[in-house]
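> Assemble the complex: chain A is given as a structure, and chain B must be docked to it using the hints.
First to last, the protein sequences are chains A and B.
When the letters of the first sequence are read in order and numbered with the numbering used here, they come out as residues 34 to 610.
When the letters of the second sequence are read in order and numbered with the numbering used here, they come out as residues 34 to 610.
Worth flagging that the hints you see were computed from the coordinates, not collected in a lab.
Be aware that one or more of the hints could be misleading.
Since copy identity is lost for identical chains, a pair holds within one copy or between any two.
Computed list of lysine-lysine pairs in BS3-like fashion (alpha-carbon distance at most 27 Å, straight line) [to be verified]:
1) Lys531 with Lys335
2) Lys265 with Lys476
3) Lys340 with Lys531
4) Lys476 with Lys531
5) Lys604 with Lys337
6) Lys152 with Lys608
7) Lys604 with Lys531
8) Lys335 with Lys246
9) Lys316 with Lys353
10) Lys499 with Lys531
Protein chains: 2
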Amino acid sequence: MRLRLLSQANRLRLLQRQRWLATTSSTNLAQQQQQGERNESRGKRDYNGLVYGAATLAGIGAGFLLFNELDKPRSSNNIITTSTATVAPPALDEEATARLWHTTKRNDLPVYSVDEVSKHNTAETGIWITYGLGVYDVSEFAPNHPGGDKIMMAAGSAIDPFWAIFQQHNTLEVLQLLEGFRIGNLPQLEAAPVELEHDSPWSQEPKRHALLKPTSERPFNAEPPIAMLSEKFLTPNEYFYVRNHLPVPTLQPEDYELELEVEAGEGQKELKLSFAEIKALPKHSVTAAIMCGGNRRSEMTKVKPVKGLSWGAGAVGNAKWSGARLCDVLRQLGVQPHEQLHVIFEGADLDPTSHPYGASIPLSKALDPRGDVLLAYEMNDQPLSRDHGFPIRVIVPGTVGARNVKWLTRIIVADHESDSHWQQNDYKGFSPSTDWDTVDFSKSLAIQSMPVTSAICSPMPEEHVKVDGDGFITARGYAWSGGGRRIVRVDLTSDGGKTWHVAELEQEDLPDGRHYGWSLWTARLPISAEQRQTQSVELWAKAVDSAYNVQPEAFEHIWNLRGVLANAYHKVKVKLV
Amino acid sequence: MRLRLLSQANRLRLLQRQRWLATTSSTNLAQQQQQGERNESRGKRDYNGLVYGAATLAGIGAGFLLFNELDKPRSSNNIITTSTATVAPPALDEEATARLWHTTKRNDLPVYSVDEVSKHNTAETGIWITYGLGVYDVSEFAPNHPGGDKIMMAAGSAIDPFWAIFQQHNTLEVLQLLEGFRIGNLPQLEAAPVELEHDSPWSQEPKRHALLKPTSERPFNAEPPIAMLSEKFLTPNEYFYVRNHLPVPTLQPEDYELELEVEAGEGQKELKLSFAEIKALPKHSVTAAIMCGGNRRSEMTKVKPVKGLSWGAGAVGNAKWSGARLCDVLRQLGVQPHEQLHVIFEGADLDPTSHPYGASIPLSKALDPRGDVLLAYEMNDQPLSRDHGFPIRVIVPGTVGARNVKWLTRIIVADHESDSHWQQNDYKGFSPSTDWDTVDFSKSLAIQSMPVTSAICSPMPEEHVKVDGDGFITARGYAWSGGGRRIVRVDLTSDGGKTWHVAELEQEDLPDGRHYGWSLWTARLPISAEQRQTQSVELWAKAVDSAYNVQPEAFEHIWNLRGVLANAYHKVKVKLV
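Here chain A stands alone, though its shape is the one from the complex:
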């Protein structure tokens, strides 16, 4: 179904509403997610043709070395049950064959359900993983895993999504090593649900990468394992966190129209821009981290429960966004600077009452060339995916994710903020003593620019970390501040703040006030004799931005009933080996 968006707005809203009302069943999207990549080959319902690579998340170089050392001879009957494997093939064919192992049922081994596998996710229960149809017990291997405890991200579940990212593991040696740990098979994949919920507003949801761990499925909200985040300065699109408030609308570029209205202040009253017209405007790119207002909420919750999705520290990603500059479009309309005006954005995603998702920003931000607000159609040089706002979303660098409206269909210059729920009664900060009896949303400022924050991505909590020859361990993570404020320092401590170590930063060389991308950081931290003895250490990270704002130490005094703005020191306890 194609929708003519603006001229047919009423029809769209009516349709969406019918879908909402028709939704009675709530088929488990998690099941669909688990199948993830699998669904891409639906019909064949096996893994033929999928070539998964294999790599650890860290220490890839070291990994190959160790894998080679561990590569002991294995009996052929322990490896191959395919019918063609009776004659030793040449090397290349051997690897091609090895790539089929995990997609082939081993009749000599039992069948385990996904549920059964999921119970084996610690050293105590044994560490099982699956790859394709294969079930593997890697308990013995895990302590020697070159990437350390990173393997535990997949404990009790599939390694497929990780190896799909790190294809360097796609070698005969690794596949042989893995098959040596095989203990069983998964059952045949179940057929996809017969009922596709054609009338549900959720029926058009896009497929998601299995690395995205949902905190909510309808609407879809998911973050990647945070250890993935510090690996790449630009977060790959496929596992960039997704924060949807409503079902994902289906828009076609050829039908797309962006409606602009100037309700208040100077300027041409109306303009409609097609997708082609937006793409024909001067193209501008900006690196910007987008962060959910609720990022790290799960840590704040430990102080006292809050309302909201239980995000870890992965509700953030950094991308290169490209599109037309909103300031160019507004100036073309004749819009003039005015301190009291706002720019309202509406998306094509509709709530059950047919109201669109909406948000607003001050006109001063929208008009400022240094504000770098974009009508974006590309993310990391790729067209936006449907989950990220295809075909057009607004990117408001330095500003909380909630204002970066996806599936953008309407822009209004007005003398008031958006009256949407998300602008008026959500995404606002409150005093720690404000509760649901006393809260008055009208008294608080809608979050725009975000405060300084940082997170330790590696090591992960409870990860087993090797102390190096000099008595140090290495930590990595991200740091970011809103409003274009550059990160100027990240301090790490391994002794509860007695000594602080300044991290090395990886960041763009951009001026303050326009530094919208995040900074990745790396620090080597000393481990004391006592910590070696107790085999335990807690790491703390805190960042400083160009306004010399710092993170608060703890969540206690920044707690708020919505669990937003959770930017206290990030503290991670790890095990030493």
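Coordinates of chain B only, in the frame set by chain A:
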């Protein structure tokens, strides 16, 4: 001596240098300061003609009531020793006479030195104050003082400067009450030093208000008692903190010239502007708080010593500044936006090597109309005083005080920051573990925009505070953040953070990003039964700005070797009565 500044720059520098070299004696400027107002009537060397008012700092209304109640009959020989006081005069004459009491020596009472008086500054030693020539023992009165412990600001010293501000106390009743506590006389004022140090660079220092308590005298640096700060939204010029780095230069408006140079980027290469030409440009006003980078350093020092002047929380003030906009001047020169350029400011104040005080800001701030950078010639509608940069200083709203260069004589658009000591090797932040052995100033960002902060101005530390009938006490203070970020909330706690109370704010209604003035706040805080019993409570204040940045809890983890950016929670212990 008049100086033709720019055309005669070399001569000026030479002169200043000679003065530096000639300075061998170091006459105590504190003595000069103590005399403060007195020097204004030098020659007569007494207080005739000075009409001091009298008021408490708080509860002025209540004050009059209580004063009237306390106004008991006193015997005339206890009051008047002037020769004309033998006949009861009419009411008006009586008041005129009373105004002479404190400037008249009482021959029936002993003489005490300033040193002796200064020893009586607590309840234990007795509370003595001086007013004019009179010495008064107000130990009995102090607990009943309508303004509470505010009277202790003057304990052991002169009330003259306080009463000069709060002239509402200038009534017969108050003067009679005071004279009743008289116990003695100060000695005759000493003659001014015979040597006026004509050749010293310090010989031209302006007179300062006695409320300004110096943290350093040469150069002059001083702050008012912080209880004064929360009294007025616009800080009165006379006790606005002074932060000088060098001797105060003497400039004459008719000789003044501002030299502009465009070294890098586009624009007319040179321009000279006279004082009249600057005043002829469109006049623009902005309310901006100016804060020293070292404000509240004395609190940070308690964690571990730092290098720098020991500022309290009074190295900040809020004023309405007026002048020409720098962006207008730069645009007139044809200067275009350029992310890599800086604007360097030089003052007429010279160091011993004849280098001027200097600082720089990014060109983006200088060119932005929302940046509100001014070539200011007025402070609270008065011409700048010499201590505040007469005739012209640059006001860089939202930016650390050090970049608000006074006695501005030169502006350079350049491809580098100012190479001055104060830009390169001072006013920078560092990690708590950076010490003087490891510090590398080139690695740290020069402070520009300041982080969010707040302070409790009233009650003062150890002040005796009355709990009201409802079981509450009232606290007042200021809050501010740099970069034009509005204060959105100030939280107070009287129970160590278990419960937080949101303060009422007094602030301008200006948009975020351009909200450069401070916010004054007032909060009523509950006192528990236990706190009443122990007669003690500690109050904490923390502010939140529009980017939802918060203050750090404590100084331990923001400590830095220069003691700048001291913006932890402000904590004040008070006594309850």
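> Now look at each hint and say whether the structure bears it out.
Consistency of the hints with the structure:
Proximity of Lys531 to Lys335 under the C-alpha cut-off of 27 Å is found in both arrangements, the shortest distances being 25 Å within a copy and 16 Å between copies. Within a single copy, Lys265 and Lys476 get their C-alpha atoms only as close as 40 Å, which misses the 27 Å cut-off; across copies the closest is 25 Å, which meets it. In this assembly of identical chains, the alpha carbons of Lys340 and Lys531 lie at most 27 Å apart only when taken from different copies (20 Å versus 35 Å within one copy). Taking the closest pair of Cα atoms, Lys476 and Lys531 come within 27 Å of each other only across two copies (22 Å); inside a single copy the shortest separation is 40 Å, beyond that limit.
Taking the shortest Cα distances, Lys604 and Lys337 sit within 27 Å of each other both inside one copy (18 Å) and across copies (25 Å). Proximity of Lys152 to Lys608 under the C-alpha cut-off of 27 Å is restricted to the intra-copy arrangement: shortest distance 22 Å within a copy versus 60 Å between copies. With identical chains, the CA atoms of Lys604 and Lys531 are at most 27 Å apart both within one copy (15 Å) and between copies (22 Å). With identical chains, the CA atoms of Lys335 and Lys246 are at most 27 Å apart within one copy only, with a shortest distance of 20 Å there and 47 Å across copies.
Taking the shortest alpha-carbon separations for Lys316 and Lys353, only the intra-copy value of 13 Å comes in at or below 27 Å, while the best inter-copy value is 42 Å. Proximity of Lys499 to Lys531 under the C-alpha cut-off of 27 Å is restricted to the intra-copy arrangement: shortest distance 22 Å within a copy versus 40 Å between copies.
Figure legend: structure checked against the earlier numbered hints; every hint is met.
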